[in-house]
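Student: Given the coordinates of chain S, assemble chain L onto it according to the supplied hints.
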Amino acid sequence: MSDPTLTRGVSPASLIASGPWTAAQSVSLERLAAALPAIDAQKKNVVIDLSGVEHLDTLGAWLLERVVRRYQLQHLKPTLVGVPERFRGLLEKIHDVNRRPPVPQPERNRLAVGLERIGRATAGVYTDFGYFLAMLGAIGASLGGAVLRPRSLRATSTVYHLYRVGWQAVPIVVLITFLIGGIIAQQGIFHFRKFGADAYVVDMVGILVLREIGVLIVSIMVAGRSGSAYTAELGSMKMREEIDALRTMGRDPVNILVLPRVIALVCALPILTFLGSMAALYGGGLVAWFYGGMSPDIFIARLREAVSVTHFEVGIIKAPFMALVIGTVACSEGFRVKGSAESLGLQTTTSVVKSIFLVIVLDGLFAVFFASIGM
Amino acid sequence: MPDSSQTPAISVRDLTVGFGEKNVLDGLSLDVRRGEILGLVGASGGGKSVLLRTIIGLIPPREGRIAIMGAESDYGDTAAMQEIGRHWGILFQQGALFSSLTVQQNVQFPMRENLEISQTLLDELATAKLEMVGLSADDGNKFPSELSGGMTKRAALARALALDPEIVFLDEPTSGLDPISASDFDALISTLQQTLGLTVFMVTHDLDSLNTVCDRVAALSGGKIVEVGPIEQLVSSQHPWVRSYFHNARARTRAPASH
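Residue numbers (our numbering), protein chains in the order written: chain S, 325 to 699; chain L, 645 to 903.
It is worth saying that the hints were derived from the structure and are not from the lab.
Treat the hints loosely; a few may be bogus.
[As the list claims (entries may be wrong)] With a cut-off of at most 30 Å between alpha-carbon atoms, the simulated DSSO-like pairs for lysine-lysine come out as follows:
#: 1; chain 1: L; residue 1: 868; chain 2: L; residue 2: 666
#: 2; chain 1: S; residue 1: 417; chain 2: S; residue 2: 401
#: 3; chain 1: L; residue 1: 786; chain 2: S; residue 2: 417
#: 4; chain 1: L; residue 1: 786; chain 2: S; residue 2: 662
#: 5; chain 1: S; residue 1: 401; chain 2: S; residue 2: 368
[Unchecked claim] Which residues of chain S face chain L? A few of them, derived with a C-beta cut under 7 Å, are:
#: 6; residue: 347
#: 7; residue: 350
#: 8; residue: 381
#: 9; residue: 386
#: 10; residue: 413
#: 11; residue: 414
#: 12; residue: 417
#: 13; residue: 422
#: 14; residue: 664
#: 15; residue: 665
[Said to hold, decoys possible] Under 10 Å between C-beta atoms, here's a sample of chain S residues computed to sit facing chain L:
#: 16; residue: 348
#: 17; residue: 353
#: 18; residue: 383
#: 19; residue: 387
#: 20; residue: 418
#: 21; residue: 420
#: 22; residue: 662
#: 23; residue: 666
The beta carbon of each residue, even a glycine, is placed where N, CA and C say it ideally should be.
If we strip away everything but chain S, and leave its shape as in the complex, we get:
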């Protein structure tokens, strides 16, 4: 295929366009239309001959129109002649487009934009907290309703979610906590051995796992595994107007969708924490045996001395609260999803980041609390 051209004609104020004026030739066409042949301002009428144009599409038509408009800006009167019949409709259509000048975006002060962003982010913290509290309140109200009228609780849904976030999470939770218990024990033995205190690794593993690591690791994993799923599920339901449909049927989405999920999480997390802690102790015990040379009998005997049921209680009491925080954040973020796929991704990320953050903050508060009551 030959190249498109726009050349001077025989008379001084005439131009001849020829060749294919289509998107496939966009690069050379754009150059042609930019390098507008200068026309003597004395000549009023510019004639552009299109009889040589073989193909024309929207891009070519627009570039021709742009040439025409540029000449008009120079107070010339361009006319298109020799227009093949099949292009006439397209050229007429293109003649009407892009008439309104684009609205200029107002220039904004960089500093002001930065300050505004900081301000909005700060205000956003409060609104976020508001959403969290609102969802917590809605869950509380819904739970109250479920206590007064137990039949309003969606038992099937709750059991189903318990199966998903509890039972199905067991293998991965057990595996990860098992490995972490082993790693803690190995590090403890390696460093404690330098001052002959490797027997105390049992105390460290026992107390650390039961009080902190067990519940913390499990909560973080559940936030990433189940919290994100909750947000994505509720978010896509919101996008597809399923939640609005529920509302119009006079059903409370919190009661139907959120409460079963949160109850399932609150039930599952203590169980997972227990299993996780046991797996971590088991991992620690195995490492102490094979790496530290401490027989299982001694490990268990020392463990019995080192930890009391209080340590276990401290860990397990925290679990339902962690679950409540994760569930509340996940569901409230899910309801904040707007129409786009991007928003779904954003809220899911926010949900996980926020629940992990809150879980750690809550763990810190519990540490202070338990220390002050001497547990």
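Tutor: Showing chain L alone in chain S's frame:
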């Protein structure tokens, strides 16, 4: 070019498509001539969308051949399919606009991916396309989630037309639109078809569209095309399914006088 104008825009021969045990399309043949608007009707779940998705290469056929503009589709060859894909634009039923891009960016997307043009020209062309489908430049800055049903269809049509395709596939273009918007949209398709010389393959249930814009109508029943021709021919068809389609209570008030 007398030769190329005789090869049909889309030629489907003995097409069989199925899922599992069942064949949805069973030895279907259909030609879409260049520069015509062909409407495809068929029962819900009868394979209209399957046919459309097979032609555009989303579903591999079990048997049969499909030629687009004379070029045979080869489903194994991704590059060849992409090349053929530049001949067509597709308006999906729900619009399928990219929700994270503005309307303007949606329209620019195919151009940006396939052509080498400057941002200024991209902006101007996108606005031109939007204005051609009856949207304003301001609408271009909106996100798909902010558009009404009719605007979504228009924006999706602008994106389908972004590369000046020769064939446009429309999957139920007027579904979900009120009668006024639907007839506006029909008129728009008709005008654009004339100005841009498009071949339009339209899956539709809208009897008004069939009457006003379609040059020919094809009826799909039992996995085959049972009747194809101008609307009058279908209305007077003796095939039982086609008869009941055009002569049920809803159709009678709308179809052109045929008796």
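Student: All the hints need checking, so say for each whether the structure fits it.
Tutor: Hints, verified against the model:
With a C-alpha separation of about 14 Å, the suggested pairing of residue 868(L) with residue 666(L) holds against the 30 Å cut-off. For the proposed pair residue 417(S) and residue 401(S), the alpha carbon gap of about 20 Å is at most 30 Å, so the pair holds. With a C-alpha separation of about 24 Å, the suggested pairing of residue 786(L) with residue 417(S) holds against the 30 Å cut-off. This hinted pair checks out: residue 786(L) and residue 662(S) have alpha carbons roughly 14 Å apart, not beyond 30 Å.
Simply put, residue 401(S) and residue 368(S) have alpha-carbon atoms about 6 Å apart, close enough for the 30 Å limit, and the pair holds. Because the closest C-beta pair between residue 347(S) and chain L is about 5 Å apart, less than 7 Å, the hint holds. Residue-level restraint check for residue 350(S) holds (minimum Cβ-Cβ distance to chain L is 5 Å; threshold 7 Å). Contact between residue 381(S) and chain L, as hinted, is supported at the beta carbon level, the nearest pair being about 4 Å apart and thus within 7 Å.
Taking 7 Å as the C-beta cut-off, the interface hint given for residue 386(S) holds, the closest approach to chain L being about 5 Å. Look at residue 413(S): its Cβ gets to within about 4 Å of chain L, closer than 7 Å, so that hint holds up. Taking 7 Å as the C-beta cut-off, the interface hint given for residue 414(S) holds, the closest approach to chain L being about 5 Å. Against a cut-off of 7 Å between C-beta atoms, the interface hint on residue 417(S) holds, since the closest Cβ of chain L lies about 5 Å away.
Proximity of residue 422(S) to chain L holds as hinted, the smallest CB-CB distance being about 5 Å (cut-off 7 Å). Satisfaction of the interface hint for residue 664(S) is found here, the shortest Cβ-Cβ separation to chain L being roughly 4 Å, below the 7 Å cut-off. Hint status for residue 665(S): holds, given a least beta-carbon distance of 5 Å to chain L, under 7 Å. Because the smallest distance between the Cβ of residue 348(S) and any Cβ of chain L comes to about 8 Å, under 10 Å, the interface hint for this residue holds.
Taking 10 Å as the C-beta contact cut-off toward chain L, the hint placing residue 353(S) at the interface holds, the least distance being around 9 Å. The closest approach between the C-beta of residue 383(S) and any C-beta of chain L is roughly 6 Å, which is under the 10 Å cut-off, so the hint is satisfied. The closest approach between the C-beta of residue 387(S) and any C-beta of chain L is roughly 8 Å, which is under the 10 Å cut-off, so the hint is satisfied. Hint status for residue 418(S) relative to chain L: holds, with the closest Cβ pair at about 6 Å, below 10 Å.
The interface hint given for residue 420(S) is met, as the beta carbon of that residue sits about 7 Å from the closest beta carbon of chain L, less than 10 Å. Checking residue 662(S) against chain L by beta carbon gives a least distance of about 6 Å; that is within 10 Å, so the hint holds. Taken as an interface hint, residue 666(S) checks out: its beta carbon lies about 4 Å from the nearest beta carbon of chain L, inside 10 Å.
Going down the numbered hints, you'll see the structure goes against none, and every one checks out.
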